[in-house]
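Keeping the supplied structure of chain C fixed, place chain V upon it in accordance with the hints.
Now for the letters of each chain:
Number of protein chains: 2
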Amino acid sequence: MLSSTPRTTLGREKHRGSTDPNDLYEVLDTGLFCHLGVVVDGHPMVVPTGYGRIGETLYLHGSTGARSLRAGGGDEVCVTVTHVDGIVLARSVFNHSVNYRSAIIYGRARLVTDPDERLAALRALTEQLAPGQWDYVRQPTRKELAATAVLALPLDEASVKIRRGAPIDDEEDYALPVWAGVHPLVTTWGEPQADPALPEGIDIPVHILRRE
Amino acid sequence: MLSSTPRTTLGREKHRGSTDPNDLYEVLDTGLFCHLGVVVDGHPMVVPTGYGRIGETLYLHGSTGARSLRAGGGDEVCVTVTHVDGIVLARSVFNHSVNYRSAIIYGRARLVTDPDERLAALRALTEQLAPGQWDYVRQPTRKELAATAVLALPLDEASVKIRRGAPIDDEEDYALPVWAGVHPLVTTWGEPQADPALPEGIDIPVHILRRE
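Protein chains in written order, with my numbering: chain C, 1291 to 1502; chain V, 1291 to 1502.
These are computed hints drawn from the structure, not numbers from a lab. In this text the structure is predicted, and so the values were computed from the model without any measurement. Just to be clear, a hint being listed does not mean it is correct.
It does not matter which identical chain is used: a pair holds within one copy or between any two.
Think about it this way: if two alpha-carbon atoms lie no more than 20 Å apart in a straight line, the pair counts; the simulated EDC-like pairs of lysine to aspartate or glutamate are [stated by the list, open to error]: (1) Lys-1433 - Asp-1319; (2) Lys-1433 - Asp-1446; (3) Lys-1304 - Glu-1481; (4) Lys-1304 - Asp-1319; (5) Lys-1304 - Glu-1346; (6) Lys-1304 - Glu-1366; (7) Lys-1304 - Glu-1447; (8) Lys-1433 - Glu-1366; (9) Lys-1433 - Asp-1404.
In isolation and in its complexed conformation, chain C is listed as follows (with noise of 0.2 Å):
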């Protein structure tokens, strides 16, 4: 089960919550970026950024210059990850709500410096981001590596929030000649576009054909 904390016990719709470890992993490992929030002197600041997941562990990473991730070694970091699945539409105004899956992550980052383990953070951001392509390019060189960062932030403080299904409405409202329910949203992959310096005769590889 999660953990509850202050700020992960949710004050409003406790109903769509879950401290289920599972819906944390299902958000986090179908997510492509996340929004990494750090405070630079003294104001919040939240950027999108890549991460990937081993075990109980997320790892973040971005340049060693960028200004959040410098902020972010051994600070407090937010780091949310958003799947919105449709609009809900609802016979009121005020009922229109939307079918989502959230995780927000709160704690303390630690810069990763441990070469082996860096590099197995780098496989899981490159993974999260294309799977099949860590060992299908180029690996990194000594140099690319020095010049990226790694955070790594525990799962130990995570709230999960979860809607789904139709539109809730009040009770006199149901009578109101007005459609409702929900318009999903469907993201999907579109046909490959190849590089134009692509030489002719190296086929789209299959992790990349057949990704869902």
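Showing chain V alone in chain C's frame:
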């Protein structure tokens, strides 16, 4: 031209930055939700939230009980909207990237108290989520309005970053026998799903059926 302050001036990847307000408006107007960053007891908190734009003001809303919005009134916030358009598959792990359009807005959020501005803001918020719904469904009651907190954030301090196109590989990697290109991520509207409680004979309205 968008303002240039220390926190909106890109330290890295300057070529991806845009100072054209129209790029900012495009990123905002085509988004469905944002990630709102606030500082709560010294730590960052990032929550997915609805928004709407009227001119040069961004409006956010939520329950009057939501911690993030309580914290946000008068305080420094950061609002980030991100669109991921595709995964950039390079010939090396290091040059993998993402095609995206993102906007980051910094500022002090003002709690909206003027009734007319509140109503206009809620209309903009609803129309952002589901264009055409405001006039189609039941309007908010006084009680519902009272239960909704609305924040206004000026679009004075914003940065926009856009990456498009093929991977940029190291010169020597172009000779590798590796497929490279962009895997587009396509978001579309699925078939509207009627609320099981919907009586027969109520058609899906055109503004939902034809949503792009």
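Problem set entry | Non-conforming hints, listed in increasing numerical order | 1, 2, 3, 4, 5, 6 and 8
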